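Asks: Sequence:
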Amino acid sequence: MAKNLIIKCNLPLSLVENPAFREFMKECYPKWQPISTKKLKSDIISSFKTRIHKIICDTLEIVNDLTLTIDAWSHRRGRSFLGITCHFIDNKMVPQAFLIDFVRMKSPHTSDNIQRLTENVLDRFNVKEKVFRIITDNASSMIKAYRFGLAVDGDYQIHDDQCDKSTTDDCSTFDNYDQDFDLSNFQIVNTMQTDVVRDDAGIKSVRMSCFAHTLQLTIRDGLQKNPHISKVVEK
Numbered sequence: 002m003a004k005n006l007i008i009k010c011n012l013p014l015s016l017v018e019n020p021a022f023r024e025f026m027k028e029c030y031p032k033w034q035p036i037s038t039k040k041l042k043s044d045i046i047s048s049f050k051t052r053i054h055k056i057i058c059d060t061l062e063i064v065n066d067l068t069l070t071i072d073a074w075s076h077r078r079g080r081s082f083l084g085i086t087c088h089f090i091d092n093k094m095v096p097q098a099f100l101i102d103f104v105r106m107k108s109p110h111t112s113d114n115i116q117r118l119t120e121n122v123l124d125r126f127n128v129k130e131k132v133f134r135i136i137t138d139n140a141s142s143m144i145k146a147y148r149f150g151l152a153v154d155g156d157y158q159i160h161d162d163q164c165d166k167s168t169t170d171d172c173s174t175f176d177n178y179d180q181d182f183d184l185s186n187f188q189i190v191n192t193m194q195t196d197v198v199r200d201d202a203g204i205k206s207v208r209m210s211c212f213a214h215t216l217q218l219t220i221r222d223g224l225q226k227n228p229h230i231s232k233v234v235e236k
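Position one of the sequence shown corresponds to residue 2 (my numbering), numbered consecutively onward.
To be clear, the hints were calculated from the coordinates, so they are not data collected in a lab.
This one's a predicted model, so the numbers in the text were calculated from it and none came from an experiment.
No residue lacks a Cβ here, since even glycine has one placed at the ideal position from N, Cα and C.
Keep in mind that a hint or two might mislead.
Straight-line alpha carbon distances no greater than 30 Å define the calculated DSS-like cross-link-like pairs of lysine-lysine that follow [unchecked claim]:
| hint | residue 1 | residue 2 |
| --- | --- | --- |
| 1 | K32 | K42 |
| 2 | K27 | K42 |
| 3 | K145 | K93 |
| 4 | K9 | K107 |
| 5 | K131 | K50 |
| 6 | K9 | K145 |
Label pairs and their calculated CB-CB ranges [to be verified]:
| hint | residue 1 | residue 2 | range |
| --- | --- | --- | --- |
| 7 | T70 | S108 | 44 to 54 Å |
| 8 | K9 | V64 | 20 to 30 Å |
| 9 | P35 | N127 | 49 to 59 Å |
Use the sequences and the hints to build the structure in full.
Replies: Here it is as structure tokens:
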């Protein structure tokens with residue numbers, strides 16, 4: 002019940018004390034024993050969390066390289082959180098993603114604070130040395146945060162919500178390739194040896210800007226500068 006209703010369906014913990022829900026459960030399974038919200042939170046979900054944490058740790062133990070996506074979020078009451086998700090390809094060549102932590106981030110929301118929280122999470126899962134890339138938005142606090150052995154991009158003058166202005170002349174897409182590929186001709190390449198960027202101190206750079214976030218900011222700025230489109234969007 003905790004896994005399927007509370008977690009997967011994102012229902013409130015107080016559901017278990019709702020009279021209608023208890024009546025429904027009794028009709029489905031007469032031997033069902035009602036539980037309180039307190040017991041659900043302290044015992045059942047806590048046990049489920051411990052079990053899932055072990056599964057994630059065991060999985061990440063055999064992973065060689067992973068990429069992190071990190072973002073900060075605040076709800077309407079002003080509390081802020083830091084979400085850290087790791088991405089990797091398992092031994093069956095299937096992409097996997099785990100939300101390894103969603104931690105409370107108290108003020109001040111400085112780069113040092115973000116760094117400390119991130120480092121604590123990585124140390125807890127023992128994956129700090131396995132990080133290949135860190136993907137964040139373009140907030141200055143995010144750009145400056147990752148100086149704990151995981152270097153960041155060299156330009157520290159980027160401000161909040163500023164777009165990544167780097168461009169490329171390579172506009173080719175997969176549509177340009179009509180021939181069939183022979184998968185047996187592919188081989189795994191260690192891109193860490195072929196695509197390494199270093200700062201002035203010679204430290205490897207692992208942070209990259211989120212493409213989706215940068216694209217969204219670019220479109221937003223373009224729409225704001227066109228009064229005709231802005232009026233249509235507001236409607």
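Asks: Looking back at the numbered hints, which does the structure fail to meet, lowest number first?
Replies: When the structure is compared with the hints, numbers 3, 6, 7, 9 turn out to be violated.
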